[in-house]
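Asks: If you want the building blocks of each chain, they are given just below.
There are 2 protein chains.
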Amino acid sequence: MRVGLDVGGTKTDAVAVDAAGHIAGRVRLATGWGPDGVAQTVLDAVAALRRAHIGEAAVASVGVGMPGQVGPGTTRVMHAVNLGVADLDLAAAVSARLGAPVGVENDVKAAAIGAYALRAGRSETMAYLNLGTGIAAGIVRDGRLWRGAHGTAGEVGHISVDPQGPRCRCGQLGCIEALSGGASIAKRWGRPAPLPVLDMLDAADAGNADAQRLRAGLVEGVAAAVRILVLTCDVDVVVLGGGLTALGDRLLSGVVRQLAASAEASAFMRSLALADRVELLPRGSAAAAFGAALVGAARAEQGPDGAAGITAHDTKETVAHG
Amino acid sequence: MRVGLDVGGTKTDAVAVDAAGHIAGRVRLATGWGPDGVAQTVLDAVAALRRAHIGEAAVASVGVGMPGQVGPGTTRVMHAVNLGVADLDLAAAVSARLGAPVGVENDVKAAAIGAYALRAGRSETMAYLNLGTGIAAGIVRDGRLWRGAHGTAGEVGHISVDPQGPRCRCGQLGCIEALSGGASIAKRWGRPAPLPVLDMLDAADAGNADAQRLRAGLVEGVAAAVRILVLTCDVDVVVLGGGLTALGDRLLSGVVRQLAASAEASAFMRSLALADRVELLPRGSAAAAFGAALVGAARAEQGPDGAAGITAHDTKETVAHG
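Here the protein sequences line up with chains A and B, keeping their order. The numbers in this note's numbering rise by one with no breaks, and the one at position 195 of the first sequence is 195. The numbers in this note's numbering rise by one with no breaks, and the one at position 116 of the second sequence is 1116.
Where hints are given, some of them may not hold.
Partial chain A-side listing against chain B, Cβ under 8 Å, derived [unchecked claim]:
hint, residue
1, HIS79
2, ASN82
3, SER95
4, VAL156
5, ASP162
6, ILE228
7, LEU231
8, ALA265
From chain B, some residues computed to sit far from chain A (all C-beta separations above 10 Å) [claimed, not checked]:
hint, residue
9, ASP1018
10, SER1095
11, GLY1148
12, SER1160
13, ALA1193
14, ALA1209
For the record, the hints were derived by calculation from the structure and aren't laboratory data. Glycine residues also receive a C-beta, built at the ideal position from the N, C-alpha and C atoms.
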């Protein structure tokens, strides 16, 4: 079994993937805080998978996607702010306890790898655009993640598309992340709510002018990210994932409308058929955890990152929720 | 000898490259108009190289970069508007007369290939940003051109970075090409001059407010293109080429200042060291024609595009001007 974990700020999603590339089991649990808490979460997730699904089956590798910076080829994650982790060599912390090699990857990159694998060859090049607290993309070409010269390929969140737009935490104005990132929207919406972006959309539907401005910015930012990924990298498809995609069609239909509106003015843009190149990950997709499993498998085989060692033979996710 | 031609709207640059990858001869001549004129230009260029430099040396292949759309793997160029060519199979037109295989490529892509080869391994990933009548980029990774799913990777000219910016010929507002393309600036400057962008810069230096606005837009657009190429693809370096680079340091220093200014507000942007990642092609560089020679060589060997068949062993361009 290859185990994969998507460790998020609030919860962790874990899958066990069998040799045929099927998901043999899946569990969700709360994420611990700080280096010790996160390490314990990894151990608890594997234990939960054993209890609920895989019993004593051998675990050949464990891969972990984390919301932080992971040095390529290392197992060290830094600046995982949402988890209270400044610097943690996760393999050193848990590999011996698990008796398996541990691979670590940035969570968006792991999700890109997983989303690509689950497409099972339907696209040669793909961008995975994570819409969450922040905005970032992973670019996959011919099954391989494109890291770039310094590992920052896909950081579209900090591209400014409006010199008069809102201030981003990165310091610039009108960044895609300032327009469309969950944290930025929540801050500018300002109302306490368990799901601030959803609250804002509801208020927009009800006619609140501030909310309607924020909604327009959200949609424009996501559409701009899609345009930039297509115009710069000419990817087959942009797959939208991350927390904001729980908004489902309320988000996607707005983005598609925005892409169509910009195409209205331009035969060139129309020819790109942008609206046809955008998809939402299926609700409840295990792409992020599945991609982490691939990362772990690659680590175990000391092969290149990406789909080395496992190919997804079957796009149907055989999911058993824990 | 591998011959390479960069066929521009006004003039054609042609080189002969020997087996060691050195430029054995170079000529420039006026470009003919229409399919017959362009075909004749190719024949005339090879004849001129023979007369001035290579005599009866065997020409193993001819590669031609053209400002139009070239179907990948074909020798057919379409929509070369500046040359009066709607649709031309250039190999069919000249290959038999030349007695050599003919490869054809979009001029920006050919220049990207050539600029990369002339860097002789100094960078693994590179973007070549062509600043000319229009704005487009070629992205090269590990020696291979990144075409994307439909061959439009690098079309950064039609990314909008200012929703209140000038109208682009593509129909959108505030595109990079509307801000920084030579044709757009000339049109908006409106004064008849042999070199409108230079005239505009002179007027800006002399205090003309309209010119200063246009200059600011030019510089902002180029800087935005650099940021987008780095943030999306994380290229080692962005090499600036094309007609506007004749403006030399007047252009580059403005772009570097603009990149530094945006970094001032943002530690994240500072960490990318964008200003260090921008270079101008050397004045008089033969990168475009050299890249075309590589395209022709690859065509002859029926190998993949890019540096197949020739590597640039010597970065010094041994240039004999014709």
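Asks: Run the C-beta distances from B:SER1160 to all of chain A and say if the shortest one exceeds 10 Å.
Replies: Answer for B:SER1160: violated, closest chain A Cβ roughly 7 Å.
Asks: So, A:ALA265 near chain B? Judge it on the closest CB pair being under 8 Å.
Replies: holds, 4 Å
Asks: Holds or violated: is the Cβ of A:VAL156 closer than 8 Å to a Cβ in chain B?
Replies: holds, 6 Å
Asks: Taking the closest pair, is the beta carbon of B:ALA1193 still more than 10 Å from chain A?
Replies: holds, 28 Å
Asks: Any CB of chain B closer than 8 Å to the CB of A:SER95?
Replies: At 29 Å from the nearest chain B Cβ, A:SER95 fails the 8 Å test, so the hint is violated.
Asks: Measuring from the C-beta of A:ILE228 to each C-beta in chain B, is the shortest one below 8 Å?
Replies: Result: holds, 6 Å to nearest chain B Cβ.
Asks: Is the shortest C-beta separation between A:HIS79 and chain B less than 8 Å?
Replies: Violated - the Cβ of A:HIS79 stays beyond 8 Å from chain B, reaching only about 11 Å at its closest.
Asks: Do the numbers back the hint for A:ASN82, that is, is its least Cβ distance to chain B under 8 Å?
Replies: violated, 17 Å
Asks: Closest CB-CB distance from B:ASP1018 to chain A, is it above 10 Å?
Replies: holds, 32 Å
Asks: Any CB of chain B closer than 8 Å to the CB of A:ASP162?
Replies: At 6 Å from the nearest chain B Cβ, A:ASP162 passes the 8 Å test, so the hint holds.
Asks: Please verify that hint: A:LEU231, Cβ, nearest Cβ of chain B, below 8 Å or not.
Replies: This interface hint holds because 5 Å falls under the 8 Å limit.
Asks: For B:SER1095, which was marked as not at the interface, is the minimum beta-carbon distance to chain A over 10 Å?
Replies: holds, 29 Å
Taken one by one, the earlier hints fail for this structure at numbers 1, 2, 3, 11 and 12, listed in ascending order.
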